[in-house]
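Trainee: Chain residues, written in single-letter form:
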Amino acid sequence: MPLAVELQRVGFAYPGAPPVLRDVDLAVEPGEFVAIAGPNGGGKTTLLRIALGLEQAQTGSALLFGEPAARFGGRSGIGYLAQRSDLGIESPVTVREVVAAGRVSRRGVFGPLRRGDRAHVERMIERVGLADRSGAPISTLSGGQRQRAFIAKALAADPQLLVLDEPTAGVDVDAQESLASLLDRLHRELGVTILFVSHEFGAVERFVERLVLVRGGVVFDGDPVALPATWHDPSHVHP
Amino acid sequence: MSILSADFMRLAFATGAIVGVLAPAVGFFLVQRRMSLIGDGIGHVAFAGVAAGYLLGVSPVATALVASVGGAVAIEALRSRRRAAGDQALALLFYTGIAAGVVMVSAAGALNANLFAFLFGSILTITGGDLLLVAILGLVGLALVAVLYRALVAVALDEEAARVSGIPVGPLNVVLAALAGVTIALSMRIVGILLIAALMVLPVIAAGRVAWSVRSTMLLAIGIGVVSVFAGLTLAYYADLAPGGAIVLVAAAAFAVASVPAALRSPRRGRSGA
Numbered sequence: 000m001p002l003a004v005e006l007q008r009v010g011f012a013y014p015g016a017p018p019v020l021r022d023v024d025l026a027v028e029p030g031e032f033v034a035i036a037g038p039n040g041g042g043k044t045t046l047l048r049i050a051l052g053l054e055q056a057q058t059g060s061a062l063l064f065g066e067p068a069a070r071f072g073g074r075s076g077i078g079y080l081a082q083r084s085d086l087g088i089e090s091p092v093t094v095r096e097v098v099a100a101g102r103v104s105r106r107g108v109f110g111p112l113r114r115g116d117r118a119h120v121e122r123m124i125e126r127v128g129l130a131d132r133s134g135a136p137i138s139t140l141s142g143g144q145r146q147r148a149f150i151a152k153a154l155a156a157d158p159q160l161l162v163l164d165e166p167t168a169g170v171d172v173d174a175q176e177s178l179a180s181l182l183d184r185l186h187r188e189l190g191v192t193i194l195f196v197s198h199e200f201g202a203v204e205r206f207v208e209r210l211v212l213v214r215g216g217v218v219f220d221g222d223p224v225a226l227p228a229t230w231h232d233p234s235h236v237h238p
Numbered sequence: 000m001s002i003l004s005a006d007f008m009r010l011a012f013a014t015g016a017i018v019g020v021l022a023p024a025v026g027f028f029l030v031q032r033r034m035s036l037i038g039d040g041i042g043h044v045a046f047a048g049v050a051a052g053y054l055l056g057v058s059p060v061a062t063a064l065v066a067s068v069g070g071a072v073a074i075e076a077l078r079s080r081r082r083a084a085g086d087q088a089l090a091l092l093f094y095t096g097i098a099a100g101v102v103m104v105s106a107a108g109a110l111n112a113n114l115f116a117f118l119f120g121s122i123l124t125i126t127g128g129d130l131l132l133v134a135i136l137g138l139v140g141l142a143l144v145a146v147l148y149r150a151l152v153a154v155a156l157d158e159e160a161a162r163v164s165g166i167p168v169g170p171l172n173v174v175l176a177a178l179a180g181v182t183i184a185l186s187m188r189i190v191g192i193l194l195i196a197a198l199m200v201l202p203v204i205a206a207g208r209v210a211w212s213v214r215s216t217m218l219l220a221i222g223i224g225v226v227s228v229f230a231g232l233t234l235a236y237y238a239d240l241a242p243g244g245a246i247v248l249v250a251a252a253a254f255a256v257a258s259v260p261a262a263l264r265s266p267r268r269g270r271s272g273a
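Just so you know, the sequences run in chain order X and V. Numbering of the first sequence is given in numbering that gives the first Met the number 0, commencing with residue 0 and proceeding in unit increments. Numbering of the second sequence is given in numbering that gives the first Met the number 0, commencing with residue 0 and proceeding in unit increments.
The shape of chain X in the complex, shown without the other chains (with noise of 0.2 Å):
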């Protein structure tokens, strides 16, 4: 089976500034829940778009399940929560209208859902815990909750591959803990792979099984216990 995401040797820089990535490897297998953190401007957002074939690589190669990451054909199996919890509408949207717009790449851009995917959409906003919550408006909900319904959005599609950039920015302590504990159940109960980008990885520390720290490459990667106490700072200035 091949490899979930698989860089080798990436390389990149925006126009007329220094690299912010410079030969970087990295093979998730399927059905992996890693974090990927590192200070503001490390390159692991960068890293990540190259990974899902949104920006492309100077040097090395990105591929996505064994097919380049610009050209893969899969793209219906991919689940993403950008960085930002706003959306982009001007108009009121309940939580049901947010998750069942995360089931139009696995339906199809034609017609409306049917039966079945309704139903499907009710479930992920039910295993998010928002069920009580599915017709009020996104407005109304606190930052945690929202981030829940942009999680269940991305679960629509039953996603292979489940890409969250700092879910938890902008959410308080006790939310960071919850999406936390909900990402752990998601990822037992789907065996989905989850790839979560943080600048601060402390709310997912315990739950993931291998933690990558980006500051313009790969300066650790391995399992979140191994990682020297200093380095929890995403501040520290890494060798």
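Hints are computed from structural coordinates only; laboratory data are not their basis. You may find that some hints are simply not true.
On the chain X side, residues computed to face chain V include the following (Cβ under 8 Å) [claimed, not checked]: (1) P38; (2) P91; (3) E96; (4) V108.
From the three backbone atoms N, C-alpha and C, an ideal C-beta is built for every residue, glycine too.
The hints should help you fit chain V onto chain X, whose structure is shown.
Mentor: For chain V alone, coordinates are given in the frame of chain X:
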């Protein structure tokens, strides 16, 4: 005499009913994507199309249709390929369109009342042929919106997530731009080129003030659009006004009324807590 006893008013109401539904239905997605002013840009290109019709001696509606769809797709192409920022792409087309229109209209010697009917709308100039064109293309446009509704909402909610999960964002954006172009070309007889964008936007933002979901916003916006067109045409008939202005002022009044509940709910300004 009843307002509906005149043939031209029956034509105006029939055309207006379709325009009143189509304009907010398409405008809904433009507003959600913070592209409210794109309709103005396309309207100016449609003006160049009308002028080209006069210059070439062919139907101004047909040339406006070609120009506005082409202009809308060009704006989307510039925006998506990042050749120009969204507002710069709009400005480029906006000014080029109006300049080309003015040059062609003056070259054709067509600075007359017919041209003003296109600019500000007219209830006297709608023909049976206009109604047929509006009915056919309007229904096709509405059918496309209905069929693509879920996908268009998904792109509006989060374009990047939609792209990552394989939704064809580029083609959907082109379809939306083309729909905006068609809507503007079809609506210019009733509302006028200079005001059609308002009928695409004002009902949607009015509906957003009182709605509770995407679906309710869309349906309320269509309702406000139809009521605005009917009320505006009635006002235009009895007060001898340009229908475009009357329709848009009714839609603006709807926005003011819809804003009242939110204004009453918000805390009074200037009061400091103890």
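Trainee: None of the hints should be skipped; say for each whether it holds.
Mentor: Results of checking the hints against the structure:
Interface restraint check: P38 of chain X against chain V, minimum CB-CB distance 23 Å, threshold 8 Å, status violated. The closest approach between the C-beta of P91 of chain X and any C-beta of chain V is roughly 5 Å, which is under the 8 Å cut-off, so the hint is satisfied. Here the hint on E96 of chain X is kept, as its CB sits about 5 Å from the closest CB of chain V, short of 8 Å. Hint status for V108 of chain X: holds, given a least beta-carbon distance of 4 Å to chain V, under 8 Å.
Checked against the numbered hints listed earlier, the structure breaks hint 1 alone; every other hint is satisfied.
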